[in-house]
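Trainee: Start from the sequences and build out the full structure, keeping to the hints where you can.
When we follow UniProt numbering, the leftmost residue of the sequence shown carries the number 1, and every step to the right adds one.
No lab work stands behind these hints: they were computed from the structure.
Since this is a predicted model, take the numbers as computed values, not measurements.
Straight-line alpha carbon distances no greater than 16 Å define the calculated EDC-like cross-link-like pairs of lysine to aspartate or glutamate that follow:
#	residue 1	residue 2
1	Lys34	Asp87
2	Lys111	Glu60
3	Lys111	Glu63
4	Lys80	Glu152
5	Lys28	Glu82
6	Lys148	Asp87
7	Lys148	Glu82
8	Lys151	Glu82
9	Lys33	Asp87
10	Lys147	Asp87
Computed Cβ-Cβ distance ranges for the label pairs, DEER-style:
#	residue 1	residue 2	range
11	Ala46	His154	33 to 41 Å
12	Asn86	Thr57	45 to 53 Å
13	Lys147	Ala18	21 to 29 Å
The C-beta atom is built at its ideal place from N, Cα and C for all residues, glycine as well.
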Amino acid sequence: MNYVLLSTIGAVFMGTLAFFVRMKAAAKPTSVKKIILPPVFMSSGALMYVVPQFRLTPMEILEAVVVGMFFSIFLIKTSKFEIRDNDIYLKRSKAFVFILVGLLLIRIVLKSILSSTIDVGQLSGMFFLLAFSMIVPWRVAMYRSYKKLYKELHGIKLL
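Mentor: If you want it as structure tokens, here you go:
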């Protein structure tokens, strides 16, 4: 089994897992820790760049970061919070499922196209950076939105 197929199966598995985690998260109050920890834990994956096979050129870094930040816009637009039962909850969004599936399909198509011209290791490094560049802005936006509602809920005046 080749690496591209294996990583595609992994991406589908992770996308499915992300969907179920998101649905479960909407049933419980959220917190700063729940917002910030996923990108912190994911950052350990940057250790892959210690291995020369995964290192990227400056142009590949730029491409991955720009595409990741562009994709984050869709996640930001579908991640809203609400105050319910004196707690802050992540609102369920029907669009989130379609966006998650769409991003997954785009990733699979891009990976299958790019795997013929870019080494599998570098491609893995690019897709990790793309995902990280997508998650960080999304989580920063979620944090800001959460803090705004937190201040509103606890009667803290905004500056």
